[in-house]
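K.L.:
Quick note, the sequences are listed as chains A and B, same order. Every letter in the first sequence is one number past the one before it in numbering that gives the first Met the number 0, and letter 27, counting from 1, is 26. Every letter in the second sequence is one number past the one before it in numbering that gives the first Met the number 0, and letter 50, counting from 1, is 49.
For the record, the hints were derived by calculation from the structure and aren't laboratory data. Don't take each hint at face value.
For identical chains, the list gives no copy identity; a pair is met inside one copy or between any two copies.
Claimed, not checked - In silico DSS-like cross-links for lysine-lysine, where the CA-CA straight-line distance does not exceed 27 Å:
| no. | residue 1 | residue 2 |
| --- | --- | --- |
| 1 | 60 | 47 |
| 2 | 47 | 34 |
| 3 | 120 | 47 |
| 4 | 60 | 20 |
| 5 | 47 | 64 |
| 6 | 34 | 64 |
| 7 | 20 | 64 |
| 8 | 129 | 112 |
| 9 | 47 | 31 |
| 10 | 5 | 63 |
| 11 | 141 | 120 |
| 12 | 47 | 63 |
| 13 | 112 | 96 |
| 14 | 60 | 16 |
| 15 | 120 | 142 |
| 16 | 12 | 60 |
| 17 | 142 | 5 |
| 18 | 142 | 129 |
These figures come from a predicted structure and were not determined experimentally.
Protein chains: 2
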Amino acid sequence: MNENEKFMKSALKEAEKAFEKEEIPVGCVIVKDGKIISRAHNSKETTKNACGHAEILAIQKACKKLNSWRLLDCEMYVTLEPCPMCAGALINSRISKVYIGTDDEKTGACGTKLNLLEDYKFNHNVQVQKYILQEECSRNIKKIF
Amino acid sequence: MNENEKFMKSALKEAEKAFEKEEIPVGCVIVKDGKIISRAHNSKETTKNACGHAEILAIQKACKKLNSWRLLDCEMYVTLEPCPMCAGALINSRISKVYIGTDDEKTGACGTKLNLLEDYKFNHNVQVQKYILQEECSRNIKKIF
Numbered sequence: 000m001n002e003n004e005k006f007m008k009s010a011l012k013e014a015e016k017a018f019e020k021e022e023i024p025v026g027c028v029i030v031k032d033g034k035i036i037s038r039a040h041n042s043k044e045t046t047k048n049a050c051g052h053a054e055i056l057a058i059q060k061a062c063k064k065l066n067s068w069r070l071l072d073c074e075m076y077v078t079l080e081p082c083p084m085c086a087g088a089l090i091n092s093r094i095s096k097v098y099i100g101t102d103d104e105k106t107g108a109c110g111t112k113l114n115l116l117e118d119y120k121f122n123h124n125v126q127v128q129k130y131i132l133q134e135e136c137s138r139n140i141k142k143i144f
Numbered sequence: 000m001n002e003n004e005k006f007m008k009s010a011l012k013e014a015e016k017a018f019e020k021e022e023i024p025v026g027c028v029i030v031k032d033g034k035i036i037s038r039a040h041n042s043k044e045t046t047k048n049a050c051g052h053a054e055i056l057a058i059q060k061a062c063k064k065l066n067s068w069r070l071l072d073c074e075m076y077v078t079l080e081p082c083p084m085c086a087g088a089l090i091n092s093r094i095s096k097v098y099i100g101t102d103d104e105k106t107g108a109c110g111t112k113l114n115l116l117e118d119y120k121f122n123h124n125v126q127v128q129k130y131i132l133q134e135e136c137s138r139n140i141k142k143i144f
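Using the sequences and the hints given, assemble the complete structure.
P.N.:
Here it is, written out as structure tokens:
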């Protein structure tokens with residue numbers, strides 16, 4: 000297992016926590032200097048928060064940890080392709096790269112429904128690498144559909 | 000002053016609070032059944048939170064108030080066109096309509112840089128009405144540029 004797969008495994012562990020709470024199982028981690036600085040899973044139903052997606056929660060935790068809204072030199076590993084809200088949060092937080100497990104046909108905003116990260120020029124560009132542990136991430140999300 | 004202008008005035012008051020804290024002056028309110036249920040202003044710098052835009056904060060407050068992530072029959076008034084993150088949050092929270100003061104040439108995702116709310120089919124559509132108190136909202140945002 001290479002380093003990317005190792006971090007995606009950690010994101011999948013977060014997704015498992017969401018699944019246990021009967022949430023849509025999405026998990027993510029944020030990595031800086033080779034270390035995980037933040038972990039989160041989708042908590043929308045449990046917390047009754049429309050913004051309670053894994054990515055938003057992980058970004059907010061990482062901002063607290065670094066005491067800055069700029070997550071410079073940070074990378075995110077997320078089991079499912081981010082929606083427009085979360086892709087926008089990646090841009091706003093200056094995350095350098097996002098590693099994605101599998102596509103989201105319904106709301107994916109990193110290449111599937113649209114590509115916020117590569118088709119538009121904003122004040123920050125986020126690199127995208129797809130299909131880390133794709134089979135496992137796809138199996139994970141299909142558990143609930 | 001009609002009702003739309005009255006609610007945009009309240010959003011402008013929120014923007015003024017952001018300005019006083021040396022934040023980019025953006026404010027918004029969420030209205031249900033003719034009453035304001037949530038108010039917020041941009042707090043990104045003060046709280047060191049990349050997701051601390053007025054719209055995200057107002058949506059989270061409204062979710063708490065209604066004890067639900069679904070903001071059904073709720074409308075938002077915001078002084079500046081939402082960015083991709085915030086436009087995505089409008090979709091995710093099922094807000095029915097957004098009233099916008101003025102365009103954001105750099106990151107506007109409701110018709111300027113792109114139109115997340117009208118050009119794509121997601122599982123919820125948010126109506127858009129632009130240019131409520133446009134002159135005042137434009138003057139407000141230009142204070143800092």
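K.L.:
Now tell me if each hint is right for this structure.
P.N.:
Each hint, compared with the structure:
In the homo-oligomer, the alpha carbons of residue 60 and residue 47 lie at most 27 Å apart both inside one protomer (18 Å) and across protomers (11 Å), since each shortest distance falls under that limit. For the identical chains of this complex, residue 47 and residue 34 are inter-copy neighbours only, at 21 Å across copies versus 30 Å inside a copy, given an alpha-carbon limit of 27 Å. Taking CA atoms no more than 27 Å apart as the test, residue 120 paired with residue 47 passes between copies only; the shortest distance there is 24 Å, against 33 Å inside one copy. Taking the shortest alpha-carbon separations for residue 60 and residue 20, both the intra-copy value of 20 Å and the inter-copy value of 23 Å come in at or below 27 Å.
Taking the shortest Cα distances, residue 47 and residue 64 sit within 27 Å of each other both inside one copy (24 Å) and across copies (10 Å). Within a single copy, residue 34 and residue 64 get their C-alpha atoms as close as 13 Å, which meets the 27 Å cut-off; across copies the closest is 37 Å, which misses it. For a Cα distance limit of 27 Å, the shortest separation of residue 20 from residue 64 qualifies both inside one copy, at 26 Å, and across copies, at 23 Å. Within a single copy, residue 129 and residue 112 get their C-alpha atoms as close as 15 Å, and across copies as close as 25 Å, so both meet the 27 Å cut-off.
Proximity of residue 47 and residue 31 under a CA criterion of 27 Å is satisfied inter-copy only: 18 Å between copies versus 30 Å inside one chain copy. Taking the closest pair of Cα atoms, residue 5 and residue 63 come within 27 Å of each other only inside a single copy of the chain (24 Å); across copies the shortest separation is 36 Å, beyond that limit. Proximity of residue 141 and residue 120 under a CA criterion of 27 Å is satisfied inter-copy only: 22 Å between copies versus 33 Å inside one chain copy. When the C-alpha separation of residue 47 and residue 63 is checked against a cutoff of 27 Å, the pair qualifies both within a copy, at 22 Å, and between copies, at 7 Å.
Within a single copy, residue 112 and residue 96 get their C-alpha atoms as close as 19 Å, and across copies as close as 22 Å, so both meet the 27 Å cut-off. With identical chains, the CA atoms of residue 60 and residue 16 are at most 27 Å apart both within one copy (17 Å) and between copies (25 Å). When the C-alpha separation of residue 120 and residue 142 is checked against a cutoff of 27 Å, the pair qualifies only between copies, where the shortest distance is 25 Å, while the shortest distance within a copy is 36 Å. With identical chains, the CA atoms of residue 12 and residue 60 are at most 27 Å apart within one copy only, with a shortest distance of 17 Å there and 29 Å across copies.
When the C-alpha separation of residue 142 and residue 5 is checked against a cutoff of 27 Å, the pair qualifies only within one copy, where the shortest distance is 22 Å, while the shortest distance between copies is 48 Å. Taking the shortest alpha-carbon separations for residue 142 and residue 129, only the intra-copy value of 21 Å comes in at or below 27 Å, while the best inter-copy value is 41 Å.
Checked against the numbered hints above, the structure breaks none of them.
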